[in-house]
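> These protein sequences, in sequence, are chains A and B.
Position 135 of the first sequence, counting from 1, maps to 135 under the working numbering, and the rest follow consecutively.
Position 114 of the second sequence, counting from 1, maps to 114 under the working numbering, and the rest follow consecutively.
Read the hints as simulated data drawn from the structure, not as lab findings.
For each residue, glycine too, the CB sits at the ideal point set by N, CA and C.
One or more of the hints may lead you astray.
To be verified - Taking lysine-lysine and the DSSO-like style, the derived pairs with C-alpha atoms no more than 27 Å apart in a straight line are:
1. A:LYS118 / A:LYS5
2. A:LYS402 / A:LYS211
3. A:LYS211 / A:LYS406
4. B:LYS384 / A:LYS65
5. B:LYS41 / A:LYS66
6. A:LYS23 / A:LYS156
7. B:LYS384 / B:LYS341
8. A:LYS9 / A:LYS66
9. B:LYS341 / A:LYS78
10. A:LYS156 / B:LYS283
11. A:LYS66 / B:LYS319
12. B:LYS384 / B:LYS420
13. A:LYS109 / A:LYS286
14. A:LYS133 / B:LYS121
15. A:LYS81 / B:LYS116
16. A:LYS86 / B:LYS41
17. A:LYS92 / B:LYS121
Claimed, not checked - Beta-carbon label-pair distances, calculated as ranges:
18. A:ILE221 / B:LYS420: 41 to 51 Å
19. B:ASN98 / A:GLU21: 20 to 30 Å
20. A:ASP304 / B:LYS320: 48 to 58 Å
21. B:PRO461 / A:GLU275: 55 to 65 Å
22. B:ASN98 / A:ILE221: 45 to 55 Å
23. A:GLU112 / B:GLU21: 49 to 59 Å
24. B:GLU80 / A:GLY269: 35 to 45 Å
25. A:ARG10 / B:GLU125: 29 to 39 Å
26. B:ASP141 / A:LYS96: 18 to 28 Å
27. A:ASP205 / B:LYS320: 32 to 42 Å
28. A:ILE221 / B:GLU19: 33 to 43 Å
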Amino acid sequence: MVGSKTLRKRFDEVADKILNEAKADEIEVRIIQSDTALTRYANSRIHQNIGQKDTHLSIRAVFGKKVGSATTNSLEDKDVKNLLAKAETIAKNQRKDPEFYGLPAVKDKIDEKSAFVKETAEYSPDQRAEKVKEIIEMARSEGVDRVYGAFQTDMKSLFVANSHGVRRFSTLTTANLTTNAIVDWDDDQGFGWGESFSADVSEIDHIEVGKTAVEKGLNNIEPEKIELGEYDVVLEPLAVKSILMYLDMMGFSAKSVQEERSFMNGRFGEQIMDERVDIYDDVSEKDMVGFPFDYEGVPKQRVDLIKSGVANEVVYDSYTAGREGDKESTGHALPMPNPMSPLAMNLLMGTGDFSKDEMIEETEKGILVTRFNYCRPIHPMKGILTGLTRDGTWLIEDGEIKKPVKNLRFTQNLIEALDNVEAIGEERRLFPMGYYPAYFAAPAVKIPDFRFTGTTEF
Amino acid sequence: MYLGANMRDIVELGIGLLEKEGIEYGDVRLSQTENEVINVKNGAVESIKSGESKGYGIRVIKGGWGFASSSDFSERGMKETIKRALKIAGASSKISDNIDLENVEIYQESYTTPYKKDPFKIPLEEKLDYLMDVDERMEIDDRIKVRKCNFNAWKTIKEFASTEGARIEQELIMTGGGLGVNVSDGEDTQKRSYPNSFGGDYNSRGYEFFEDLDLLGNAEDTAEEGVDLLEAEQCPEGEMDIILNTNQLALQVHESCGHPTELDRALGTEASYAGTSFLTPDKLGDFRYGSDIVNIVSDATAEGGLGTFGYDDEGVKAKKVDLIRNGIFVGYQASREGAAKVGVEVSGNMRADGWKNLPIVRMTNINLEPGDWSKDEIVEETEKGIIFDGIKSWSIDDKRLNFQFGTEAGYLIENGEITKLIKNPTYTGLTPEFWNNCDAIAGEEEWRLHGVPNCGKGEPPQTMQVGHGCAPARFTDIRVGVGKW
Chain A
1 MVGSKTLRKR FDEVADKILN EAKADEIEVR IIQSDTALTR YANSRIHQNI
51 GQKDTHLSIR AVFGKKVGSA TTNSLEDKDV KNLLAKAETI AKNQRKDPEF
101 YGLPAVKDKI DEKSAFVKET AEYSPDQRAE KVKEIIEMAR SEGVDRVYGA
151 FQTDMKSLFV ANSHGVRRFS TLTTANLTTN AIVDWDDDQG FGWGESFSAD
201 VSEIDHIEVG KTAVEKGLNN IEPEKIELGE YDVVLEPLAV KSILMYLDMM
251 GFSAKSVQEE RSFMNGRFGE QIMDERVDIY DDVSEKDMVG FPFDYEGVPK
301 QRVDLIKSGV ANEVVYDSYT AGREGDKEST GHALPMPNPM SPLAMNLLMG
351 TGDFSKDEMI EETEKGILVT RFNYCRPIHP MKGILTGLTR DGTWLIEDGE
401 IKKPVKNLRF TQNLIEALDN VEAIGEERRL FPMGYYPAYF AAPAVKIPDF
451 RFTGTTEF
Chain B
1 MYLGANMRDI VELGIGLLEK EGIEYGDVRL SQTENEVINV KNGAVESIKS
51 GESKGYGIRV IKGGWGFASS SDFSERGMKE TIKRALKIAG ASSKISDNID
101 LENVEIYQES YTTPYKKDPF KIPLEEKLDY LMDVDERMEI DDRIKVRKCN
151 FNAWKTIKEF ASTEGARIEQ ELIMTGGGLG VNVSDGEDTQ KRSYPNSFGG
201 DYNSRGYEFF EDLDLLGNAE DTAEEGVDLL EAEQCPEGEM DIILNTNQLA
251 LQVHESCGHP TELDRALGTE ASYAGTSFLT PDKLGDFRYG SDIVNIVSDA
301 TAEGGLGTFG YDDEGVKAKK VDLIRNGIFV GYQASREGAA KVGVEVSGNM
351 RADGWKNLPI VRMTNINLEP GDWSKDEIVE ETEKGIIFDG IKSWSIDDKR
401 LNFQFGTEAG YLIENGEITK LIKNPTYTGL TPEFWNNCDA IAGEEEWRLH
451 GVPNCGKGEP PQTMQVGHGC APARFTDIRV GVGKW
């Protein structure tokens, strides 16, 4: 492992060279270095086991209002020089973008430290294999011969410098363990799920993750089909994570509002969800991880998206802020240029005062959901989402978990769902998004009249 | 910097080092990818990006699988990467089955995508001018909030070598683009795209494919229909016949046939992420997947397909394999390892997203073979139904059974005639029931080979470019208009 001081020095040298040689009016240098290690297991055997290292150098060159960008994965002098020439050539041949108001110049001193844990960075394939082996042995001791999952550790560094004097560097570690139990493979039943995520690999209780999956799987034998319709639902934190993630993509960015496709459009200041619902982006919360600045080097601000149920504000990058004139970037740019930017990358839902057990106890008839699968927006302005339950869905009757049920498809207006929310969990859990380096902290929630529109055969 | 002739030297260095390690199998796959992306939005160029990435991946079997990748091309870098792959294999071996790879023919060959015009040699100015013209053609109504069009091209040069003696060079080119509008009247929002949503359409061809798309000639009509959707009637609720146009049918094939016929899913190795498959090995050869007229193949040789290549990423020559024949499930997309486990044909579907990732079972071109109808005949013989066009929303369970799709536009058919445009059209069903209700497929003249550039699978997530050929088809008695509006 290359030390972060050495890495910073190397990135500074690359940036200095680019900034000195550039002819453009403005220049941005972004370097992302990653070291990913992942052990996948299936049928209680390791079947894929990898280590990946990569470095991404990106240059954004600006001549007036003309912007061009180019990327490479080489930091060799010759490649860096070519890259600068390419970015500048593209920018010169570019059309003017009247709505581009320059690269950000926020140089405020901030604590650039991310959650970096040496043990995570140095975690070895043998250590991952050992933990996986213990999960497999634990599952066998419970009579479950087939477990599946992945144990991933990552170290990622982000460096951003620009010609306005912005210069930021931070290194982050993350670890994620998943276990999927399939208790009865031959009869295609008994699915259960466990997951744990942390910056510190030592905080991952692998046996607990495995046990959760196995226990859910054992309690999910012979699921029955139930009648479709509206049910009260108790959603575990992982299911709520999906809701937060799709609310984020459908409507929490300035771009979605500017393009008039967000459920927030025309509703700012209005009570659109229950007053107990708070959804906000804040990288500094103690149960959150993430870089303290965005991919343009702008420090991340706390943004209260939904405050006491009121549609309050959205996140900005420098471009969307520039378009509105009186706004500043909130520090939510993705690697630019990027059609998905800005994005709330450290999203949290405020906690309530209910335990999951209390939510179940107070449910006369309802559904308990472990997690959702393959969710997709149907109508972003209305906040309508569809998806299916996965890895453990149960019918609740008279305050007790009655029986497992076959997976269900929901088609639901999420804004209405969170307006009707009946209870919010007292604890929340952190999960990664997967594709983007975004993280979501979600509690369990209870929602009445959740609309199930389809069912499947397992 | 192009590695050029050095590529062979680098892989030979890797193979030479691997051969000293007493391994059961090893391969070195080096690739260099160049891409260009131009996005025009609302009269300005939203982004022009040029990217390149080069590196190599080492795959070894030594008691278990190990894989490591790096972009350090020095001898030291290669040695460290091999050491890492071996260390990982050593860890895997503690909990691994015996790994057998099905025997395949070993090639020392090269392959280049046939193309007429190198998309990277067309001047940037020319592409920008064209896209700006396309953008202007869409500026027809204030309710259009976003006009966008794009051009994308990729060029990948690959070198594959194995300890079995394979040496394969490939140069692959992909080109495509599209246009679309987002419309809003403050109360509702709709979108309309051409030739498909999510960036248009793509082929393994040169710039000539982008020209043939004729974005300019289709810009105004697409924008107009986007605006019309705001005033259109909501999709009715109920059961009726549906006709899928090729852009949506391509996705239906992708999700409900492409993914479930991936053998790794059927064997459980994607269980914890993408999911498994209802098409389990015991069903092979006699399970009725669809009606008699349903024939689906995995064809990496299809001319121009986005999933077309010379050799897959474990050195297997591109081929065409039956997946569904006369409605019966008859084949899998299978790796060498999977084929050896189950005793099926190696289908040449192992593909990796760049040099960094491990090859996994991926679709090539999963094509629905043409039937003998014309779309006009299908419409004429439909009493009540909806035509679905333009991907908007898609969701399917982790065994690929229950699905729900939404498209940008629907066209209501009453008594054999298209009577009106409808908005928010959705349909839902269970895969085998759905394909068994397929009663008409249009012929070769209306068959189109679409490209899907963003199929996600694997951990860490990999994105793959795949193709789907099909002609419009009808499915009877399907539930439409799902949800509360």
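> Tell me, which hint numbers fail for this structure?
4, 6, 7, 8, 9, 10, 11, 14, 15, 19, 21, 22, 23, 24, 27, 28
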